[in-house]
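Build the full structure now, drawing on both the sequences and the hints.
Okay, here's what each chain looks like letter by letter:
Number of protein chains: 2
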Amino acid sequence: MALVVQKYGGSSLESADRIKRVAERIVATKKAGNEVVVVCSAMGDTTDELLDLAEQVNPVPPEREMDMLLTAGERISNALVAMAISAHGAEAWSFTGSQAGVVTTSVHGNARIIDVTPSRVTDALEQGYIALVAGFQGVSQDTKDITTLGRGGSDTTAVALAAALNADVCEIYSDVDGVYTADPRIVPNARKLDTVPYEEMLELAASGSKILHLRSVEYARRYGVPIRVRSSYSDKPGTTVAGSIEELPVEQALITGVAHDRSEAKITVTGVPDHAGAAARIFRTVADAEIDIDMVLQNISNTTGRTDITFTLSKANGPKAVSELEKIKAELDFSAVLYDDHVGKVSLVGAGMRSHPGVTATFCEALAKSGVNIEIINTSEIRISVLIRDAQLDDAVRAIHEAFELGGDEEAVVYAGSGR
Amino acid sequence: MALVVQKYGGSSLESADRIKRVAERIVATKKAGNEVVVVCSAMGDTTDELLDLAEQVNPVPPEREMDMLLTAGERISNALVAMAISAHGAEAWSFTGSQAGVVTTSVHGNARIIDVTPSRVTDALEQGYIALVAGFQGVSQDTKDITTLGRGGSDTTAVALAAALNADVCEIYSDVDGVYTADPRIVPNARKLDTVPYEEMLELAASGSKILHLRSVEYARRYGVPIRVRSSYSDKPGTTVAGSIEELPVEQALITGVAHDRSEAKITVTGVPDHAGAAARIFRTVADAEIDIDMVLQNISNTTGRTDITFTLSKANGPKAVSELEKIKAELDFSAVLYDDHVGKVSLVGAGMRSHPGVTATFCEALAKSGVNIEIINTSEIRISVLIRDAQLDDAVRAIHEAFELGGDEEAVVYAGSGR
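Chains as they are written, first to last, in the UniProt record's numbering: chain U, 1 to 420; chain V, 1 to 420.
Take the hints with a grain of salt, since some may be wrong.
Same chains, same label: a pair holds when it works inside one copy or across any pair of copies.
Straight-line Cα separation of at most 30 Å, DSSO-like style, residue types lysine-lysine; simulated pairs [claimed, not checked]:
1. 210 / 315
2. 31 / 144
3. 210 / 236
4. 20 / 144
5. 369 / 210
No lab work stands behind these hints, which were simulated from the structure alone. If you're wondering where the values come from, they're calculated on a predicted model, not measured in any experiment.
And the structure:
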């Protein structure tokens with residue numbers, strides 16, 4: 001008998017009818033002999049509706065109350081799924097994050113899980129019940145206030161529960177049936193992957209893939225929880241995210257897939273006096289505004305002793321970063337802050353590039369042949385990312401996917417001798 | 001400085017705009033120098049929408065899950081009101097019933113409050129916050145599950161909190177501006193009452209007045225909590241419900257008002273063999289179905305040795321009571337079970353009738369003059385109720401209101417010598 005944790009996202013729960021379909025699947029999983037714990041996000045539009053109501057009564061709502069408000073959404077969906085399960089011949093109890101023992105930091109809207117002590121969930125399972133746990137929420141260890149977990153919170157709740165319960169698998173359900181070698185909407189012959197090791201999934205998630213959230217993959221890797229990405233609209237087995245690239249025999253290490261990201265913007269601080277500390281001051285200013293930076297490029301200083309410093313960040317943070325940098329313009333005596341939000345990032349991920357030289361060359365040649373200019377390049381052991389014009393993103397994804405033969409029936413294998 | 005508890009019902013909170021108006025009133029109360037605790041029901045249609053969703057996924061939803069579902073409604077409204085308060089210049093924290101220390105029995109859907117230990121509310125007040133508490137809910141002492149309190153639950157939450165906090169007053173806000181001598185929609189010259197003692201309010205509530213729920217008035221009486229019934233649409237002072245009829249000087253005891261009730265039906269069990277135990281068997285059968293009985297009439301046995309037993313009950317329970325009685329028809333050998341849901345009840349309430357003979361006579365004469373036939377009569381120390389045809393209810397209310405001069409500027413005083 002296995003212990004299965006399943007997570008259903010908002011679109012899988014967007015109507016009474018979808019809820020009943022989800023309940024059928026849950027009951028089938030239980031009747032197959034498993035113990036089942038389910039984490040549900042709020043129903044489709046609920047969170048947006050609540051945010052809208054909040055904005056109508058206060059354009060800058062207090063964060064503690066925002067968490068009290070939004071968590072109603074998960075309460076509703078989990079109770080409804082429990083009711084639907086009951087109508088389908090099994091019994092279920094729903095629990096809030098707090099009741100399920102999800103203990104967090106006090107940062108409203110972006111709390112981190114400190115610990116999960118799911119004794120009420122375990123009791124329910126022992127009594128033969130299916131346990132439903134509201135995703136995206138917990139209770140603050142210090143203040144005992146209700147908190148929400150920020151982006152990807154329901155995925156994180158599911159993985160954290162799976163870890164605490166020593167579950168055999170954590171199944172993440174959405175409207176896609178697995179992890180693909182590229183976005184199938186851009187690359188028609190993109191292939192569904194059977195398995196992806198944790199480190200590659202982390203890189204894909206960090207590079208724009210929206211299938212799984214970075215935090216939940218990191219949590220799964222740390223605690224060794226196998227994740228299965230599946231569609232709630234079919235019975236296909238989906239993609240398993242498990243194992244480490246260290247466990248792969250060298251010959252089997254592959255190029256796994258292409259990710260793309262339209263959510264970033266580029267800032268260039270021009271004419272920065274080329275002395276020690278100028279760059280540090282620029283990055284500290286942005287960091288103090290609690291803004292994360294992704295790719296960085298510093299031009300080689302020209303004869304004027306000035307340099308340009310370029311970096312990328314989330315578009316949402318763009319305006320704030322620009323205004324913070326403008327404040328130190330006089331102090332640092334740089335020329336200007338330029339802002340460009342027509343950029344896109346495309347990344348190739350695969351453990352195979354560690355042991356196969358020539359991957360970078362093949363990557364850049366494919367882009368050049370498609371007329372795509374590289375503005376910034378950034379690599380890790382198993383990933384190459386480039387910043388390009390966003391209008392060229394689709395072409396770039398297809399070109400790279402093609403160059404590494406990721407589509408169709410052939411697995412992409414990088415042969416020795418191709419040269420990195 | 002006073003401690004004021006305010007309760008706002010669903011219609012006072014039915015939109016973002018109404019919520020902002022309510023927040024203004026709350027902040028004004030605080031700025032006048034008071035400590036303020038607010039209990040909010042769910043927004044206008046929320047509870048009905050949730051019930052509808054529940055029914056779509058399971059026609060007979062498990063009660064534990066129904067409580068988890070419905071309590072989301074109060075969570076939403078209290079968080080939104082807290083946000084609106086923040087936008088109006090004060091600070092507020094919202095709490096669930098559980099967080100506010102409302103401890104109840106385990107009966108889902110109809111839990112009773114066992115205790116209220118509002119330490120988090122007190123802490124909030126001490127720190128200068130306005131505290132919002134979700135009405136209609138608590139946590140079960142035994143199972144730690146979330147429970148809802150049944151009809152009038154939010155009023156009861158407010159009064160129970162007021163008692164536990166030793167509040168100076170509990171203000172119940174709705175869309176009516178007080179307790180009237182009769183329903184103003186039926187009696188145009190009905191007068192708003194300034195004060196009503198607890199016992200009279202209990203009788204009015206039990207006789208069909210929907211302004212305050214019986215349980216909350218009983219709770220207020222037991223703990224000496226003054227209630228003020230006010231409108232959330234105006235600044236009028238409303239009606240104070242406080243004090244005992246025992247404290248009224250005899251000469252000041254009055255006839256207070258007329259209540260009516262369309263929610264009852266009448267059951268007559270005909271041809272019941274007139275022996276000891278038959279009536280008991282009938283009433284036990286109905287009681288075992290957890291159905292409450294109101295008025296009772298037993299015809300004097302005629303020469304056949306059989307009698308008719310008549311009683312009233314809530315229309316909602318009618319069909320069930322009939323079917324339970326049909327089951328014992330053969331055993332008791334009675335003739336038939338008759339069901340009549342075209343009845344109405346009209347009641348006169350006032351402490352004055354204790355010491356003034358003639359009230360009953362005046363009451364019956366007024367009805368007779370209006371052509372209203374009395375089918376059952378039932379009295380208490382301070383109330384006379386009669387069952388009549390529901391089509392005659394409005395005429396009856398007006399006739400009695402007139403006969404006791406309850407309208408306009410004159411107070412209804414029953415003079416010594418009128419004879420009861």
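Comparing the hints with the structure gives:
1. Within a single copy, residue 210 and residue 315 get their C-alpha atoms as close as 16 Å, which meets the 30 Å cut-off; across copies the closest is 55 Å, which misses it.
2. Within a single copy, residue 31 and residue 144 get their C-alpha atoms only as close as 37 Å, which misses the 30 Å cut-off; across copies the closest is 28 Å, which meets it.
3. For a Cα distance limit of 30 Å, the shortest separation of residue 210 from residue 236 inside one copy, 20 Å, qualifies, whereas the shortest one across copies, 56 Å, does not.
4. Taking CA atoms no more than 30 Å apart as the test, residue 20 paired with residue 144 passes between copies only; the shortest distance there is 28 Å, against 34 Å inside one copy.
5. In the homo-oligomer, the alpha carbons of residue 369 and residue 210 lie at most 30 Å apart inside one protomer (28 Å), although the nearest pairing across protomers, at 79 Å, exceeds that limit.
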